[in-house]
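Visitor: Residues per chain, in single letters:
Number of protein chains: 2
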Amino acid sequence: MVTSHDVARLAGVSQATVSRALRDDPKVALDTKERVRSAAITLGYSPNPIGRALAVGRSTRVGLVVTDLENQFYSYVISPMHRELEKHGYELLLITESSEQAPVADLVAGAGLCGVVLATTTLDSVLPVRLADRGIPFVYFNRTTPNVPADSVTVDPAPGLEKLVDDLVRLGHTRVGAVFGPVNTSTGEEREQALRHILDDQGLTLARKHVRRGPFEFGTGRDAMQELLDLDDPPTVVICGNDVVALGALNTAVERGVRVPEEVSIVGFDDLPTSAWPLVRLTTVAYDLEAMSRQAARLLVERVESGESVEAGGVHTARFDTSYVPRATLGRVEG
Amino acid sequence: MVTSHDVARLAGVSQATVSRALRDDPKVALDTKERVRSAAITLGYSPNPIGRALAVGRSTRVGLVVTDLENQFYSYVISPMHRELEKHGYELLLITESSEQAPVADLVAGAGLCGVVLATTTLDSVLPVRLADRGIPFVYFNRTTPNVPADSVTVDPAPGLEKLVDDLVRLGHTRVGAVFGPVNTSTGEEREQALRHILDDQGLTLARKHVRRGPFEFGTGRDAMQELLDLDDPPTVVICGNDVVALGALNTAVERGVRVPEEVSIVGFDDLPTSAWPLVRLTTVAYDLEAMSRQAARLLVERVESGESVEAGGVHTARFDTSYVPRATLGRVEG
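Residue numbers (our numbering), protein chains in the order written: chain H, 1 to 335; chain B, 336 to 670.
What the hints contain is simulated information worked out from the structure, not anything from laboratory work. Incorrect hints may have been included.
For lysine to any residue, the following SDA-like pairs were computed, each having C-alpha atoms within a straight-line distance of at most 20 Å [unchecked claim]:
hint : chain 1 : residue 1 : chain 2 : residue 2
1    : H       : Lys-209   : H       : Pro-182
2    : B       : Lys-422   : B       : Glu-637
3    : H       : Lys-163   : H       : Glu-308
4    : B       : Lys-368   : H       : Pro-26
5    : B       : Lys-422   : H       : Thr-67
6    : H       : Lys-33    : B       : Pro-361
7    : B       : Lys-362   : H       : Glu-34
8    : H       : Lys-33    : B       : Asp-359
9    : B       : Lys-368   : H       : Glu-34
10   : H       : Lys-27    : B       : Glu-369
Construct the entire structure; sequences and hints are all you get.
Guide: Written out as structure tokens, the structure is:
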């Protein structure tokens with residue numbers, strides 16, 4: 001982004017003089033003012049980039065911030081979100097937040113975005129605070145953080161998990177294991193609490209030794225499954241925080257020659273296209289990810305176009321229902 | 336992007352007056368000039384946004400343009416490219432070119448990008464022409480187009496395909512089938528020509544009825560495999576344009592209960608992480624996609640920082656070698 005430093009350099013004056021000249025301070029000489037203004041125009045500098053976008057009402061660029069693009073989950077979010085935004089005359093820019101050092105908030109402001117969808121925000125992320133400070137509208141996607149209120153699109157894991165646990169009981173599972181998501185995400189925390197609560201209602205317990213935890217990644221499921229299968233009394237079913245984790249677990253079982261579901265059952269959450277492959281047939285919990293992605297786009301567009309602040313009008317929340325998708329990786333306990 | 340129309344509207348003058356005022360045309364009244372300049376500064380308008388970025392030398396935003404983000408291939412490109420750019424002090428913005436109507440070239444200019452990596456350009460795309468016209472540096476990634484010269488990072492399919500065809504001969508395959516990529520991409524065309532040439536050298540032919548063609552997508556392999564398996568004399572091996580297509584073909588075989596490789600062999604190209612899953616074990620052709628992604632980032636950074644035009648100094652090309660990765664989906668012809 002062009003800064004007042006750049007203008008100062010080009011005009012050959014101090015940064016303070018740039019500020020004074022652009023406020024039309026009478027103490028600045030006329031030819032200095034002229035030089036500063038001409039430099040500002042050459043560089044396309046505006047003292048207030050957000051004000052600029054709002055004043056013109058012309059920025060139609062929406063940013064989607066994600067951390068882990070290697071996670072195939074996001075590739076199914078981007079296309080519907082992109083199409084929905086396009087329908088409303090907006091474009092989508094993807095911003096990857098690969099490191100804590102990356103000044104993503106500056107990047108968002110610098111790229112002249114009219115709004116942002118946050119898809120991988122951790123509970124301790126500073127990005128929501130920074131965006132709120134700068135007055136950039138944003139929507140939480142599949143995540144929330146408690147401290148900064150904003151519109152959100154989330155999933156209610158309970159209905160799908162309830163049907164799943166009914167099936168666990170019916171199939172005779174008593175040694176239940178789980179690979180939960182990270183504790184610093186609302187999604188990980190919420191799915192874990194819902195599952196624990198529902199298992200409890202059905203009189204099933206999660207033994208501590210049968211629980212693993214980690215990022216929503218393939219490697220988390222792979223490593224957790226190695227450890228669980230090495231136990232003297234491995235769980236009869238492993239419920240994973242999402243499908244990508246479950247795919248990691250499933251591949252470990254296949255690699256070790258452990259039959260699924262005869263020797264161990266595996267369950268996911270998300271119902272990604274890969275999970276429905278004839279080669280995979282993962283039992284999982286589903287929701288309408290495409291509709292959710294479109295809804296996030298619509299909430300953001302409404303927020304941008306109304307110009308209404310969260311403080312003034314409150315937040316809009318959309319919560320999506322879940323369903324249980326029985327396939328081939330959950331079966332009856334043998335022996 | 337802020338345009339001279341916006342400035343005209345805010346200043347309450349015509350667009351022509353904006354142009355004249357900013358050139359300091361003596362025919363424009365002093366107070367009108369003042370009003371136009373003030374509006375330009377408020378809006379951050381510059382008569383020449385490219386000149387602005389070059390003059391300041393401060394834009395460090397690189398765009399990656401891809402069409403089909405649901406294709407998992409790209410998710411493995413983005414992370415290494417992002418990390419390499421970050422090392423050089425640049426950020427990555429992802430731009431999805433979802434429709435022909437999308438004014439991607441305008442978006443690229445409007446977002447103030449210093450350069451672009453083109454990853455899904457078709458041979459007839461206008462984007463390279465538009466970028467060249469605007470003087471925005473770009474690099475072709477895994478693609479080229481013949482008309483607009485630029486730096487490129489591509490793959491040489493021949494070494495890997497030669498070893499693959501050696502193995503086809505050794506394993507007794509004579510009815511060879513193929514699912515090629517789209518004819519309007521250099522990648523599709525080049526892989527097809529290389530394979531045809533190498534098969535020919537080994538005395539193998541591709542019967543027309545055993546050849547299918549389509550976009551580099553899962554559905555292409557799925558549908559092609561249905562048709563090929565319905566033939567009276569299906570091919571004994573199906574060579575696919577990439578791994579995603581091969582995964583579609585493999586899942587169709589599994590769904591139909593056709594044993595791979597006992598009844599039909601399937602081969603891919605790319606060696607995506609999914610292809611190495613114990614559940615998949617796809618025989619394929621590999622190259623160093625991560626190194627390629629990093630190299631594209633480096634070529635672009637060099638081009639941006641040197642400021643050297645393609646016309647003045649010629650193009651830089653990096654070509655990556657391929658190798659053959661035998662796994663479980665290619666076997667001996669039975670019977």
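Visitor: Now tell me, hint by hint, if it's right for this structure.
Guide: Going through the hints against the structure:
1. Lys-209(H) with Pro-182(H): holds, 17 Å
2. Lys-422(B) with Glu-637(B): holds, 13 Å
3. Lys-163(H) with Glu-308(H): violated, 40 Å
4. Lys-368(B) with Pro-26(H): holds, 19 Å
5. Lys-422(B) with Thr-67(H): Judged against 20 Å, a Cα distance of about 17 Å means the pair holds.
6. Lys-33(H) with Pro-361(B): holds, 19 Å
7. Lys-362(B) with Glu-34(H): Given pair Lys-362(B), Glu-34(H) holds - Cα atoms ~18 Å apart, limit 20 Å.
8. Lys-33(H) with Asp-359(B): Judged against 20 Å, a Cα distance of about 15 Å means the pair holds.
9. Lys-368(B) with Glu-34(H): Given pair Lys-368(B), Glu-34(H) holds - Cα atoms ~11 Å apart, limit 20 Å.
10. Lys-27(H) with Glu-369(B): With Cα atoms ~18 Å apart, Lys-27(H) and Glu-369(B) stay inside 20 Å; holds.
Violated hint for the displayed structure: number 3, the only one.
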